[in-house]
Amino acid sequence: MKQLFKTKWNAACFVLIPACIGINYLGKLFASVLKLPLWLDSIGTCIGGILGGPIIGGICGAANNLIFGFTTGDSITLVYALTSLGIGAAVGIMARLGHMKTLSGALLTACVAGFTAVVISTPLNLIFWGGTTGNIWGDAVFAWSQASGLPVILGSFLDEVVVDIPDKFITLLIVFTIVKGLPRKLTSLYELDDEVVSLD
Amino acid sequence: MALIEVKQLKYRYPHTEKLALDGIDFTVEKGEFIGVIGENKAGKSTLCQAFVGLVPSMFRGAYGGKLFVDGMEAGKTPVAELCRHVGLVFQNPFNQLSGAKETVFEEVAFGLQNLGIPRGEIIRRVEDNLARLDITEYRNRNPFDLSGGQTQRVAIASILAMEPQVIVLDEPTSQLDPQGSEEVFKVVEALKHTGITVLMVEHKMEKLAEYCDKILLMHEGKQIAYDTPEQIFSRDDLDKYGIQPPVYTRVSKTLNISKSEWENKEYPVTLSQIVELKEDFPKKLTGRTRLEYRGDEKQEELFDIQDLEFGYTSQKLVIQNLSLQLSKNPTALIGQNGAGKTTLVKLLKGLLKPNSGRILLNGEDISGKSVAKLAGMVGYVFQNPDDQIFKTRVMDEVMVGPLHIGMSKEMATEKARWALEMVGMSHWEQENPYDLDLSERKMVAIASVIAMEPKVLILDEPTIAQDDRGRKVLGSIIKKLSENGVFVLAILHDMDFVAEYFDRVIVMAHGEVISDGPKESVFYEKESLTLARLEQPHMARLCEALDYEGIFLTVEDLKDKGRE
Amino acid sequence: MKSISLYVDQDTFLTRLHSFSKLYYIVVAIIIPLIGGSLGLYGLCLGLSFCLIIAGRIVKRVLPLIAFSFTIILTVFLIHGLFNQENEQILFSLGPLIFYQEGLLYATKIGLNILNMLLAFAVFVLTTRPAVLVDDLEQAGFSPRFGYMISSVFQIIPQMMGTMNTIMDAQRSRGLETEGNLLVRTRAFIPLISPVVNSSLINTRERAIALEVRGFDSKQKKTFLQDHKLQREDKLFMAFMTILLIGSVIWRITTWL
Chain A
1 MKQLFKTKWN
11 AACFVLIPAC
21 IGINYLGKLF
31 ASVLKLPLWL
41 DSIGTCIGGI
51 LGGPIIGGIC
61 GAANNLIFGF
71 TTGDSITLVY
81 ALTSLGIGAA
91 VGIMARLGHM
101 KTLSGALLTA
111 CVAGFTAVVI
121 STPLNLIFWG
131 GTTGNIWGDA
141 VFAWSQASGL
151 PVILGSFLDE
161 VVVDIPDKFI
171 TLLIVFTIVK
181 GLPRKLTSLY
191 ELDDEVVSLD
Chain B
1 MALIEVKQLK
11 YRYPHTEKLA
21 LDGIDFTVEK
31 GEFIGVIGEN
41 KAGKSTLCQA
51 FVGLVPSMFR
61 GAYGGKLFVD
71 GMEAGKTPVA
81 ELCRHVGLVF
91 QNPFNQLSGA
101 KETVFEEVAF
111 GLQNLGIPRG
121 EIIRRVEDNL
131 ARLDITEYRN
141 RNPFDLSGGQ
151 TQRVAIASIL
161 AMEPQVIVLD
171 EPTSQLDPQG
181 SEEVFKVVEA
191 LKHTGITVLM
201 VEHKMEKLAE
211 YCDKILLMHE
221 GKQIAYDTPE
231 QIFSRDDLDK
241 YGIQPPVYTR
251 VSKTLNISKS
261 EWENKEYPVT
271 LSQIVELKED
281 FPKKLTGRTR
291 LEYRGDEKQE
301 ELFDIQDLEF
311 GYTSQKLVIQ
321 NLSLQLSKNP
331 TALIGQNGAG
341 KTTLVKLLKG
351 LLKPNSGRIL
361 LNGEDISGKS
371 VAKLAGMVGY
381 VFQNPDDQIF
391 KTRVMDEVMV
401 GPLHIGMSKE
411 MATEKARWAL
421 EMVGMSHWEQ
431 ENPYDLDLSE
441 RKMVAIASVI
451 AMEPKVLILD
461 EPTIAQDDRG
471 RKVLGSIIKK
481 LSENGVFVLA
491 ILHDMDFVAE
501 YFDRVIVMAH
511 GEVISDGPKE
521 SVFYEKESLT
531 LARLEQPHMA
541 RLCEALDYEG
551 IFLTVEDLKD
561 KGRE
Chain C
1 MKSISLYVDQ
11 DTFLTRLHSF
21 SKLYYIVVAI
31 IIPLIGGSLG
41 LYGLCLGLSF
51 CLIIAGRIVK
61 RVLPLIAFSF
71 TIILTVFLIH
81 GLFNQENEQI
91 LFSLGPLIFY
101 QEGLLYATKI
111 GLNILNMLLA
121 FAVFVLTTRP
131 AVLVDDLEQA
141 GFSPRFGYMI
151 SSVFQIIPQM
161 MGTMNTIMDA
171 QRSRGLETEG
181 NLLVRTRAFI
191 PLISPVVNSS
201 LINTRERAIA
211 LEVRGFDSKQ
221 KKTFLQDHKL
231 QREDKLFMAF
241 MTILLIGSVI
251 WRITTWL
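Residue numbers (UniProt numbering), protein chains in the order written: chain A, 1 to 200; chain B, 1 to 564; chain C, 1 to 257.
None of these hints come from the bench; they were simulated from the model. Where hints are given, some of them may not hold.
Stated by the list, open to error - Within a straight-line C-alpha distance of at most 25 angstroms, the following computed PhoX-like cross-link-like pairs (lysine-lysine) qualify: (1) A:Lys-180 x B:Lys-18; (2) B:Lys-76 x C:Lys-219; (3) B:Lys-316 x B:Lys-353.
Computed from a prediction, not measured in an experiment: that's the story for all the values here.
The task is simple: from the sequences and hints, build the whole structure.
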């Protein structure tokens with residue numbers, strides 16, 4: 001259990017976080033340049049979680065939304081800081097459990113991350129905007145659920161499922177491909193069991 | 001006790017088997033200037049990082065032996081403590097900015113703030129070092145908006161402000177243009193006279209020979225020799241270690257002129273040493289007689305550029321009224337940063353569209369073709385390989401281009417093999433490109449373009465970060481492709497390299513071509529070179545100092561003809 | 001260099017105000033209507049934000065933010081006006097669409113809340129330089145390492161964006177298509193994002209070295225180049241906000257009684 005949340009608080013981790021936030025931003029930017037119907041704005045958060053562990057992942061996610069919320073005036077982003085924190089931490093935990101080594105593990109991680117996002121976002125949606133998400137497809141589902149008399153909470157839940165799950169699946173597939181190709185020189189900076197061996 | 005004592009230093013990176021440092025053992029006295037040479041991956045940077053304690057505290061792995069700086073053991077002192085005594089400056093100017101400060105002033109103050117130095121003292125030290133590095137005028141600029149040379153000076157100022165006793169410079173100019181390098185070398189020269197102890201890794205042997213008291217020669221992590229520059233550069237086995245001695249030494253060796261006729265011959269290593277021995281040199285040499293290319297020679301034109309004009313904004317033109325014919329001779333495009341060289345080649349590649357004027361390729365206007373369509377015809381290798389590499393195997397990366405332009409899988413594999421062989425990377429086929437170092441990744445990027453078999457190959461700064469071996473491989477690629485009828489056009493800053501491997505030289509300044517012709521004539525048009533703020537190749541300058549008339553571009557020109 | 005921050009560099013009452021005063025304003029402006037529980041209090045807070053925005057000469061910058069939030073507010077109105085489960089009282093109808101009073105009232109509350117949050121944040125965001133905020137936080141005892149992390153984001157993102165066009169050019173040069181149908185565009189994503197991720201992560205290795213050699217891990221107490229203390233204006237401003245806050249609590253209690 002201790003290993004699971006162990007975090008190294010060195011310079012390497014503190015430069016990793018801004019880089020991950022930058023990657024989130026670029027992911028979103030490329031998705032919009034290519035006109036893809038996805039956000040792809042949590043690639044960096046996931047990488048942060050995988051390299052630095054659940055705590056760094058969580059910080060990447062939360063800091064991402066807080067920083068953008070407080071500087072670009074996007075207070076809507078701000079509300080979802082908790083969600084991003086959850087995603088980063090969830091991916092971090094899954095990676096520490098060894099699931100990001102195989103494709104099937106990555107898909108499982110995607111499920112966990114997507115589910116975490118849904119569970120955290122749904123109450124936020126209810127509190128702040130009465131259940132909608134601002135995504136056209138998701139909100140269509142929400143409108144349908146309300147029209148057919150389902151409880152608000154279920155409608156909002158479905159809304160979020162439609163929005164988040166596909167996005168997280170694609171995100172984690174991309175992350176899986178990228179992380180597999182990271183140089184050893186880099187990943188070894190973030191390894192946990194690394195006593196310096198004496199050659200004398 | 002000496003200021004620096006290195007005793008049987010050994011180090012191995014995690015997950016590797018080979019020692020990166022293997023039994024390094026030397027001492028340095030206070031105020032000495034030490035050079036470190038060796039081919040890429042010889043362990044030079046690892047040694048630099050051991051000096052500031054990052055090896056092993058940050059990179060972990062396996063460590064042995066001892067390294068003392070002023071009595072402190074580097075392997076056991078925290079980096080935050082050691083950094084008050086030893087400063088480190090490395091290759092990439094932008095990566096050594098803290099990345100969190102908005103002005104040059106704050107950037108230089110960053111380290112001092114971390115160390116908790118009183119405010120008044122910080123301001124004094126920052127002011128002093130800004131003045132010392134001649135960057136006071138940029139104090140309120142964002143460090144990321146500066147040029148490479150300016151940024152590198154900010155980095156040096158940031159380190160010097162911490163007032164270390166020892167400064168370690170790890171190839172501080174290898175990623176800079178000539179003007180930036182010159183700026184940095186000026187600083188290094190000034191450092192030599194301040195009494196600070198300097199350890200410098202560098203590929204520009206002429207500079208090292210000038211500055212160093214002693215040179216450490218490394219190879220595959222081992223210490224080969226530690227001696228004076230004259231002794232080191234007079235060795236006969238340097239080729240084995242991937243080192244090319246300074247041009248002055250090579251000339252003296254060729255003409256067999258040494259400082260002492262003793263058992264171990266010492267050849268001159270600097271220009272001033274040669275001038276001292278001027279009496280011993282032949283009175284007259286004729287130099288190069290044959291021309292590899294004549295400007296007036298009628299040749300089939302490949303590119304015909306007519307009245308080209310381009311600007312990124314409508315107010316400021318980067319390229320003005322440029323007309324140029326390019327045929328198949330290997331051509332070098334030289335000039336300072338901002339002269340418009342990269343813009344010109346991007347126009348040739350179709351990545352930018354001209355404001356006015358036309359570019360014809362084999363008589364056809366390229367403006368009608370998309371970049372992806374031109375891909376198979378015109379290959380362009382970007383300066384930074386990391387802007388393109390995305391596959392996890394070298395082989396896959398090289399096959400990307402061929403597959404995109406419609407080759408079959410078998411064909412693409414075959415071409416990729418051939419291209420990798422040409423750049424000398426065949427044995428890395430199955431590796432992850434990002435596990436290789438920068439110079440090797442550059443070779444992979446070149447291979448990935450060559451594999452598409454373009455008729456035109458454009459190279460942007462291929463020699464940056466390459467050692468002597470890498471430069472020779474590049475030279476052979478240029479030769480081979482030219483023989484196969486491929487037109488090679490390269491943007492270069494390294495005049496010695498241009499003099500050796502190219503036929504035609506185009507000098508650009510402020511968006512215009514100010515000189516164009518065979519290298520034998522362009523390199524002797526001093527006015528246009530001065531205007532473009534460029535220098536002649538070392539060889540030309542040396543022979544001028546010796547009062548030789550005639551054309552000398554490479555050391556081979558000495559052997560060429562007419563010794564009297 | 002293009003900044004991602006919306007901060008407008010000018011000298012006004014608001015830019016001179018300490019960042020903590022403005023943060024306090026956000027908190028107060030958001031919770032007053034929630035405590036008071038009346039639509040009128042939204043009006044009060046919105047009015048207050050508007051006054052500050054005008055005084056801070058940032059009206060022009062606020063408008064696009066409002067325009068952006070309108071699409072969200074509109075969906076809320078549509079969905080709740082049409083489908084809210086409390087809906088009973090028909091208010092009006094547009095063709096086949098029937099809008100109900102309960103849903104619209106609910107949507108108004110949410111809409112006003114969104115708008116109120118947005119404006120309160122705008123007052124802060126448009127008048128506070130990120131570097132100053134970080135400095136203020138650090139001087140109040142926030143860890144300098146986290147401070148570094150925040151400032152660094154502002155320097156790194158414009159850098160990374162700068163590489164975006166180069167990467168697109170480099171990949172197109174090798175024949176990659178970035179336009180076309182969804183499949184073609186989706187396929188282009190990895191070749192574009194992967195170099196950014198790899199090079200920025202590789203750069204972190206060197207940047208970590210750069211930080212270490214400049215005493216980033218030092219245990220010493222960090223020196224600040226400037227002191228940021230709360231001025232008289234800050235204290236007055238915060239006192240005024242506190243009075244409003246207490247007022248709203250009293251309002252709530254009296255309406256209960």
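Okay, the hints, checked on the actual structure:
1. Between Lys-180 (chain A) and Lys-18 (chain B) the alpha-carbon distance is near 24 angstroms, which keeps this suggested pair within the 25 angstroms criterion.
2. Between Lys-76 (chain B) and Lys-219 (chain C) the alpha-carbon distance is near 16 angstroms, which keeps this suggested pair within the 25 angstroms criterion.
3. At most 25 angstroms may separate the alpha-carbon atoms for a hinted pair to count; Lys-316 (chain B) and Lys-353 (chain B) meet this at roughly 15 angstroms.
Consistency note: the structure conflicts with none of the earlier hints.
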